[in-house]
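Enquirer: Given next are the chains, with one letter for each unit.
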Amino acid sequence: MSVLVYVEQAEGKFKKSVFEAVSYAKAIADQQSTNLTAISIGDVAESELKELGKFGASKVLNVSVEQLKTFVNQAYASVIAAAAEKESANIVVISNSFSGKGLAPRIAVKLKAGLADGAVELPKIDGGKFQVKKTAFSGKAFAVTELTSENKIIALNPNAFGIKENVTDASVETFAADIKQSDLGTVIKDIVRATDKISLPDAELVVSAGRGLKGPENWGMIEELAGLLGAATACSKPVSDADWRPHSEHVGQTGIAISPNLYIAIGISGAIQHLAGVSSSKVIVVINKDPEAPFFKVADYGIVGDAFEVVPKLIDALKAHKA
Amino acid sequence: MKILVCISNVPDTTTKITFTNDNTEFNTAGVQYIVNPYDEIALSKAIELTEGGKGSVTVINVGEAGNDPTIRKALAIGADDAVRVNAAPRDAYFVSKQIAEYAKDKDFDIILTGRESIDYNGNQVAAMVGEFLDIPSISIIKKLETDGTTATIEREIEGGKEVITVSGKFIASCAEGVAEPKIPNMRGIMSARTKPLNVIEAVSIEEVTKVAKYETPAPRGAVKLIPAEQTEELINLLHSEAKVI
Numbered sequence: 001m002s003v004l005v006y007v008e009q010a011e012g013k014f015k016k017s018v019f020e021a022v023s024y025a026k027a028i029a030d031q032q033s034t035n036l037t038a039i040s041i042g043d044v045a046e047s048e049l050k051e052l053g054k055f056g057a058s059k060v061l062n063v064s065v066e067q068l069k070t071f072v073n074q075a076y077a078s079v080i081a082a083a084a085e086k087e088s089a090n091i092v093v094i095s096n097s098f099s100g101k102g103l104a105p106r107i108a109v110k111l112k113a114g115l116a117d118g119a120v121e122l123p124k125i126d127g128g129k130f131q132v133k134k135t136a137f138s139g140k141a142f143a144v145t146e147l148t149s150e151n152k153i154i155a156l157n158p159n160a161f162g163i164k165e166n167v168t169d170a171s172v173e174t175f176a177a178d179i180k181q182s183d184l185g186t187v188i189k190d191i192v193r194a195t196d197k198i199s200l201p202d203a204e205l206v207v208s209a210g211r212g213l214k215g216p217e218n219w220g221m222i223e224e225l226a227g228l229l230g231a232a233t234a235c236s237k238p239v240s241d242a243d244w245r246p247h248s249e250h251v252g253q254t255g256i257a258i259s260p261n262l263y264i265a266i267g268i269s270g271a272i273q274h275l276a277g278v279s280s281s282k283v284i285v286v287i288n289k290d291p292e293a294p295f296f297k298v299a300d301y302g303i304v305g306d307a308f309e310v311v312p313k314l315i316d317a318l319k320a321h322k323a
Numbered sequence: 324m325k326i327l328v329c330i331s332n333v334p335d336t337t338t339k340i341t342f343t344n345d346n347t348e349f350n351t352a353g354v355q356y357i358v359n360p361y362d363e364i365a366l367s368k369a370i371e372l373t374e375g376g377k378g379s380v381t382v383i384n385v386g387e388a389g390n391d392p393t394i395r396k397a398l399a400i401g402a403d404d405a406v407r408v409n410a411a412p413r414d415a416y417f418v419s420k421q422i423a424e425y426a427k428d429k430d431f432d433i434i435l436t437g438r439e440s441i442d443y444n445g446n447q448v449a450a451m452v453g454e455f456l457d458i459p460s461i462s463i464i465k466k467l468e469t470d471g472t473t474a475t476i477e478r479e480i481e482g483g484k485e486v487i488t489v490s491g492k493f494i495a496s497c498a499e500g501v502a503e504p505k506i507p508n509m510r511g512i513m514s515a516r517t518k519p520l521n522v523i524e525a526v527s528i529e530e531v532t533k534v535a536k537y538e539t540p541a542p543r544g545a546v547k548l549i550p551a552e553q554t555e556e557l558i559n560l561l562h563s564e565a566k567v568i
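Chains A and B, in that order, are what the protein sequence lines are. For the first sequence, my numbering assigns the number 1 to the initial residue and increments by one for each residue that follows. For the second sequence, my numbering assigns the number 324 to the initial residue and increments by one for each residue that follows.
Warning: the hint list may mix true and false statements.
What follows is a list of derived Cβ distance ranges for each label pair [stated by the list, open to error]: (1) Gly230/A with Glu556/B: 14 to 24 Å; (2) Asp43/A with Ala541/B: 41 to 51 Å; (3) Thr473/B with Ala45/A: 29 to 39 Å; (4) Arg211/A with Glu371/B: 24 to 34 Å.
Sample of chain B residues lacking proximity to chain A, with all beta carbon distances greater than 10 Å (derived) [stated by the list, open to error]: (5) Asn344; (6) Asp428; (7) Thr469; (8) Ala502; (9) Lys505; (10) Met513; (11) Arg516; (12) Ala525.
FYI, nobody ran anything at the bench for these hints, they're computed from the structure. The beta carbon of each residue, even a glycine, is placed where N, CA and C say it ideally should be.
Sequences and hints are given; from them, build the entire structure.
Expert: Here it is, written out as structure tokens:
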């Protein structure tokens, strides 16, 4: 028995969410009194793979073959499931990223495993029951899900557990994956990354704005504020529906759910659908000229005032703070 | 082109979520149900791809008879026929097995789902059905075009997108942007009443998960209001009290 964690690489590097998944998987391995093995697929340098030891992985399986240099959902899932079988890992941990969301369910079917996706805490093991708390109802609730199968898959929400160092000397081994041609049905033609922007699901700080901004031409100050904070930008549904901002920035019940350390909502009234996607943020700041805006009821800090006056002053105050 | 769209019956987005029976069951009292909004996007795309005699759209739902109004809504939007697998949707694993079992000998060219249901937020069904059927699955897509043999798909990734091609059968889960949600017109609503809605029985599969209980988020303390002219005070609080900047 052991625990396996899939470490997703992007352009040969691991992101913070990967170190978080390794930290989380290590904590589960400790709960189970067993070892943690990581599996990496793609072109990653040995020194980068060794880094995983810092967070508790004692063995790293490396799959570096031509056909799997870029993401192929079906084939990656087969390789991870094969590694779990070879390592006798009955618990597989994956980061609940866009790719993780495509992989975990396939692995679950291959291993006849229960899957807890969007996990927000370590599993609780009680009288033989293995329970994982996960987000449900788009952030309006949590479901404590019992994984009743022998094999178990957990997809961890970004920013839910944090990175914990746990220095181990990681050995790196090549894992010989058996790749089926029928698993290679999808071909990546292009990858477009906005390198100057912080990705919203991973962001620790988020500055978000709504209809109160009156039009897309007024987003300059939002971007400036986000830039100063090192934050990602987000928006409410009416804003993305009106094409003022891209859909990828829409947070809320029908957009993406996020749980950053800080969420600053500017000119967003706080409809129940919007709150659903952001209510697990650790600290919420609301700036709105309407003192009756429902968002103030779930905020930690609030400023009642016109965004066009408050935000420039906030930018000045932040510049002064940084100076 | 034959397309299958998987739809979920979910509480309306304005629903206040509460639980009963010692927090083990969702409180359905007074709840209005809708077609899961993402599934509506998937359905709208399927109709777009088959309009003008270019194919047919079947919707499938796993659920009990109470879901029929939601299924009729999907027929009103423009699906040609519907199938309901008559069983409570235990979890994604169970639902996916039912859908795969139905679809395996029907020769659908494309299967679409929404990116996730807004109740259980699993984001699991598309990839699980793909695995049960051994066909490619692409999760959380933003764009889909097809010439009938090769589909070009854009998938969201952290901080960007991937452009993917796939030939042959596939399943994909749709996010915003794939299609504009279609609104049923009067003719659609009238014709939905007479379109076929076939009810089939579920197949059995091992249990892998169950919900032990639900919890609601802990309430936050009262908001600390800062006067609009004291923005530096907010920065100080975020720095030294909340310790987030």
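Enquirer: When the structure is checked against the list of hints, which entries are broken? Sort them ascending.
Expert: Of the numbered hints given earlier, the structure breaks none, since each of them holds.
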